[in-house]
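Starting from the structure of chain A, add chain B where the hints point.
Residue numbers (the numbering used here), protein chains in the order written: chain A, 1 to 232; chain B, 1 to 182.
Source of the hints: derived by calculation from the structure; they are not laboratory data.
Errors might be hidden in some of the hints.
[To be verified] To give a feel for the contact side, a few chain B residues facing chain A, derived at Cβ under 10 Å:
1. 16
2. 58
3. 90
4. 166
Quick caveat, the model's predicted, so the values are computed rather than measured.
Glycine included, each C-beta is placed from N, C-alpha and C at the ideal position.
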Amino acid sequence: MSAAGLVASTVRAGAANSSRGGLYCHPMTAAQLAPEDDAALVAAVAGGGEAASQAERAFCERWRGRVFRYAAHHLRDGQLAADVAHETLVAVLAAMREGRVERADCLGSFVLSTCRHLVWEENRREGRRRRAAEAVAAASAVEAMLQDTGPSAASVDGAQLAGCIGHLASRERSVVLLTYVEDWPAARIAETLQTSPGNVRVIRHRALRRLLQCLDGAGDAPQAPSGRRVAP
Amino acid sequence: MTQSPCPGSGELLHDYFAGLLPREEEDRVEAHVFECDRCGAAYERAGALASALRQCLPPAISRARLEALTDHGFPVRTVRIPPERAVDAEFTTGAPNWLFALAVEPGSAERLDLELIGPNGDPLIEYAAAPFDSTRGELLILCQRHYIDAFGGGEVTYRVYAVEGEVRRPVGDYVVNHVLGP
Numbered sequence: 001m002s003a004a005g006l007v008a009s010t011v012r013a014g015a016a017n018s019s020r021g022g023l024y025c026h027p028m029t030a031a032q033l034a035p036e037d038d039a040a041l042v043a044a045v046a047g048g049g050e051a052a053s054q055a056e057r058a059f060c061e062r063w064r065g066r067v068f069r070y071a072a073h074h075l076r077d078g079q080l081a082a083d084v085a086h087e088t089l090v091a092v093l094a095a096m097r098e099g100r101v102e103r104a105d106c107l108g109s110f111v112l113s114t115c116r117h118l119v120w121e122e123n124r125r126e127g128r129r130r131r132a133a134e135a136v137a138a139a140s141a142v143e144a145m146l147q148d149t150g151p152s153a154a155s156v157d158g159a160q161l162a163g164c165i166g167h168l169a170s171r172e173r174s175v176v177l178l179t180y181v182e183d184w185p186a187a188r189i190a191e192t193l194q195t196s197p198g199n200v201r202v203i204r205h206r207a208l209r210r211l212l213q214c215l216d217g218a219g220d221a222p223q224a225p226s227g228r229r230v231a232p
Numbered sequence: 001m002t003q004s005p006c007p008g009s010g011e012l013l014h015d016y017f018a019g020l021l022p023r024e025e026e027d028r029v030e031a032h033v034f035e036c037d038r039c040g041a042a043y044e045r046a047g048a049l050a051s052a053l054r055q056c057l058p059p060a061i062s063r064a065r066l067e068a069l070t071d072h073g074f075p076v077r078t079v080r081i082p083p084e085r086a087v088d089a090e091f092t093t094g095a096p097n098w099l100f101a102l103a104v105e106p107g108s109a110e111r112l113d114l115e116l117i118g119p120n121g122d123p124l125i126e127y128a129a130a131p132f133d134s135t136r137g138e139l140l141i142l143c144q145r146h147y148i149d150a151f152g153g154g155e156v157t158y159r160v161y162a163v164e165g166e167v168r169r170p171v172g173d174y175v176v177n178h179v180l181g182p
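Extracted from the complex, chain A is given alone in its bound form (with noise of 0.2 Å):
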């Protein structure tokens, strides 16, 4: 299989398992290898045959959710990141059929690597389109806005979210909601809300740990201090 089918098709898989949450949607077979065993990755894959194909798809499953993180961090946009994230693969997975990996031990640096370059080849790529004025206005930019459709994102409901959002206190759901809705910074929430930038990250932590507690179905949901019921 070509590089290219295999982590699309490893990426399908993850999709369809989304459900689970999972980040691993293929159990190891027999005689597999450690998972986090990156040298013996890169080995194998060198090897060929069907320890090979194995460790391909071991490569993929471990490698595809930090990858496309990063690139989505990086990128701004969820369906860039995809692609970025899938190259990523692609081309690491043909380095590593080729040996021109050299440091098996540094798989991890060597995928950040491959993956920051393409970032910043998209960058450019993105700088350009820009200075040409390409109108884009579609249905597509719609999509890619409003709903991540990459190989992680669906770990996350964005029902469930907003139901958890609902259970936090005013000020957390203002605090998280105007830092990653509005964007403001931290200086222009703590003068709104008459507080400390300090302070805005101290409740703002303590939401994202909160919301990450919702999420996981961990105990009851939160109360508002103010002991008001919320709608979910």
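Just chain B now, with coordinates in the frame of chain A:
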């Protein structure tokens, strides 16, 4: 291979995805999460949460956020509501989302808080520091059909408070009768 030490808490990752770290520290975080599986998993989780939060469409949004949406084709239909008025809003499948532009005179308020009160008078949710369009004197409420599941339709009161120092006073009630259409 020598690994850099784990950061010890998720807060650094949250700051990373909020774009609050200096570049050198971002680089350190990235180098670490690509060599540490435990932190790598936490990185993915924190990134997924941040990404999902950025795509939230809470009821109260800023004019800038609204324009970013509509510039990309997000369909809305707007109704401007003066205080102490009631309007009907029908929600039908496939129809544009409703935008309620609450006309507010904030006076010297430092911020506006918003409270949603359900059909039975039960408080539904509260937002401190709701974004306010001071140019047009409007507090924008983006209402999507799925929000109605929280209270099943009917009259919702949007109560706006002006906050000045320690004082919080109501400045207007705006009533919308949410009608579920086909």
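Hints, one by one, checked against the model:
1. 16: Given a least distance of 7 Å, the restraint on residue 16/B holds.
2. 58: Constraint on residue 58/B satisfied, holds at 5 Å.
3. 90: violated, 21 Å
4. 166: holds, 9 Å
Hint compliance for this structure: hint 3 alone is broken.
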